[in-house]
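Which chain is which? The protein sequence lines are C and P, in order.
The opening residue of the first sequence carries number 1 in our numbering; numbering runs sequentially from there.
The opening residue of the second sequence carries number 1 in our numbering; numbering runs sequentially from there.
Mixed in with the good hints, there may be bad ones.
[As the list claims (entries may be wrong)] Selected chain P positions facing chain C (Cβ under 7 Å, derived; list incomplete): (1) Pro83; (2) Glu103; (3) Glu247; (4) Val249.
Since the hints were derived computationally from the structure, they do not count as laboratory data.
Heads up, the beta-carbon is just placed ideally off N, CA and C, and yes, glycines get one too.
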Amino acid sequence: MRKIIAVAVREYQAAVKTKAFLVMLVMMPVFMLGGIVFQMTMGKRVDTRDKRIAVVDCTGRLFDVLAQSAHERNTKHIFSGGTQIGPRFLLERVAPSCEDLDQVAFEMSQRVRNEAFYAFVIIPADVMTPRGTQGAPESEDDPVDDEFTGGPAAAGGVRYHSNTPTYGDVVRWLRPNVQAEIQRVRLTAAGIDPDVVETATAPVSVDNLGLVTRGQGGQIVQAQKADEIANFIAPFGLIMLMFLTVQVGAAPLISSVLEEKTQRIAEVLLGSVNPFSLMMGKLIGMVGVSLTLITIYLGGAYVAARRLGYGQYFPQHLVVWFAIETVLMVTLYGSIFIAIGSAVSDHREAQSMLMPAFIFLILPLMIWPTVVKEPLSPFSTFVSFIPPATPMLMTVRQAVPPGIPLWQPIVGAVLVLITTVGCVFLAGRIFRVGILMTGKGANLRQMLGWAFRG
Amino acid sequence: MTNDAIAIDNVSKTFGEHRAVDDLSLRVPEGSIYGFIGPNGSGKTTTLRMIMGIYYPDPGSGSIRVLGEALHGADNDAIGYLPEERGLYRKMKVRDLLRFYLELKGRREFKGPIDDWLARLDLTGWAHRKIQELSKGMAQKVQFISAVIHEPRLVILDEPFSGLDPVNADVIRDAIVDLRRKGTTVVFSTHDMSVAEKMCDYVFMIFKGRKVLDGTLDSIQRRYGHDTIRVRLDQNGAALNQLTGVERVTDFGRLQELRLADGADTQDVLTQLMQHGRVAHFEITQPSLHDIFVRIARPEPQETAGA
């Protein structure tokens with residue numbers, strides 16, 4: 001046992017007492033936050049050059065309204081704290097004949113190609129009169145979607161033509177303005193006061209709330225308004241942390257075993273400890289690294305959440321479960337990584353062996369959104385009992401209201417434990433053979449052969 | 001010396017099609033220095049690894065007993081092992097590494113032995129450097145310390161002198177002799193025949209997996225008789241292989257070694273030599289271990305022609 005501990009301590013120190021570990025520790029949150037900040041700043045990197053848009057208004061009634069709205073936008077809406085964050089839309093009335101709109105569209109297209117305009121809008125004369133087939137409301141849809149659906153433009157509708165169909169801002173601005181004005185005209189024509197309609201159709205809010213509880217004094221405590229984002233952050237943060245811990249805590253075992261193998265350290269070590277103890281020592285060291293990691297990050301997250309006033313979203317009740325699940329998970333993957341490291345002869349070979357292992361690691365990351373939405377559905381319950389996925393998915397299900405019955409994480413943990421013990425046992429047999437092998441690495445079939453035939 | 005530190009009986013080891021060790025039997029008496037020689041790839045390292053318990057002999061092929069016990073796995077605190085190549089964590093500091101190896105051997109006292117050995121091999125100033133900062137020779141010395149620091153009863157050294165300059169080689173040699181004086185059994189492999197000649201109580205040669213020599217240097221040389229003449233002529237002795245009664249000439253530059261054919265007369269050879277020039281040195285001797293090694297490992301010209 002003392003030898004196992006000696007190996008574990010060395011493994012732990014070799015992993016933690018490196019600059020790489022410290023850098024990773026600091027850089028990981030910086031990268032994650034930095035990524036978000038970067039995306040946000042990049043999102044603002046828009047082209048603020050003016051966009052000249054030609055309008056062929058065959059109704060003769062819409063241009064002024066649109067120009068008014070564009071002016072308002074150009075002077076107010078595109079400024080944030082004094083800086084311009086969007087381009088100005090400069091509308092220009094062009095008045096060719098409205099006889100042959102296809103011909104007009106072609107001529108205007110040429111002018112866009114010659115860069116006289118950025119885009120043009122054709123408003124047919126009959127757009128004011130309601131039709132059965134036309135005017136189905138789709139205002140909330142992403143305009144980019146129907147830009148890409150292709151096909152000829154619906155007859156009788158307003159047509160926006162440009163050479164850059166991926167730029168949706170003009171349409172996004174144009175659509176509600178055109179619709180509002182046309183609706184106003186139509187309502188007036190029908191003898192209805194548009195203001196009455198506006199009042200009558202004012203939106204009603206629907207709030208997403210948790211359940212109401214009774215406080216200590218017996219009074220009813222109103223449910224908190226469920227902050228959907230905040231509710232997602234806890235489960236997401238936890239499984240990302242698990243994923244990271246496997247990446248940072250367990251994956252280096254491959255390098256460590258490879259070093260021992262290629263530098264012939266293994267021969268010296270095996271003269272002192274048996275292969276299984278050596279492997280156990282390495283696993284225990286790695287569990288230590290993982291616990292260090294989650295302690296630092298969870299501690300940091302807790303302090304940060306409290307400071308920022310999101311303390312109630314920090315899943316305190318899950319910390320112990322999370323630690324158990326994480327330890328099981330890193331041990332499970334750690335033993336697989338050790339087996340791989342011992343069976344291959346260089347990092348390149350290890351990479352190809354890692355693919356199947358990583359698929360199991362990434363799958364939970366892909367299905368967790370489904371699980372978080374309906375944590376109690378039969379599907380979510382089922383997948384959270386599949387051992388390699390259990391730690392991540394069970395944690396997700398525990399992290400979102402209403403929670404799950406206690407027996408589920410217990411049974412899940414037992415299943416993972418059994419799988420882990422099995423994995424460690426089989427990996428030990430691969431390790432025993434592989435660690436002393438020289439030359440070409442083993443393939444998966446040979447590895448399984450060592451594992452099951454002994 | 002009643003006990004054998006190592007007793008190997010009829011052991012074979014096969015890798016795939018290749019028989020690395022073939023029906024080997026060997027006795028290493030306790031307290032002796034035993035030299036393993038043989039060309040590259042002849043089975044030295046495989047034999048040492050089997051003694052270590054890193055490799056198992058082919059099933060049913062025989063037995064190996066080390067320090068009186070049949071081997072179960074390689075872990076044995078009474079054995080120290082220096083593998084042929086490296087065997088050190090490159091990123092660890094010398095002192096930490098030695099401490100780790102001592103812990104692995106179940107020892108609880110660290111400072112004394114580590115300080116002693118570092119001082120002895122002139123590494124005290126490097127105690128807090130990482131292995132990767134050391135020269136090859138220094139790393140080799142650290143490797144040696146890690147094999148002997150826990151005072152094992154049996155030390156197995158695979159090429160302990162490779163990569164060492166003469167000064168360091170002497171330091172290691174003294175350390176090995178010192179171990180033997182304290183009763184430790186030392187088995188080492190080497191390509192340096194003069195080292196084997198000078199240091200080893202017994203020499204064992206393996207060639208193509210089979211034992212070809214085993215015994216004290218005297219007994220081995222006796223088998224080959226006094227069939228060697230070392231001679232130095234004042235002028236160049238290029239044409240010496242034309243002499244009758246001389247089977248082979250090894251030209252060392254300043255000195256030539258002549259191997260006599262069976263029944264050749266040394267007086268007759270001397271007479272012929274005197275006709276070639278002034279004889280500055282003439283010595284009738286037993287063949288050197290080097291010569292014996294080469295005789296075994298290098299195919300004779302006629303054999304090559306016949307093959």
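Now the hints, each set against the structure:
1. Pro83: OK, holds: Pro83 (chain P) within 7 Å of chain C, min 4 Å.
2. Glu103: holds, 4 Å
3. Glu247: Given a least distance of 40 Å, the restraint on Glu247 (chain P) is violated.
4. Val249: violated, 40 Å
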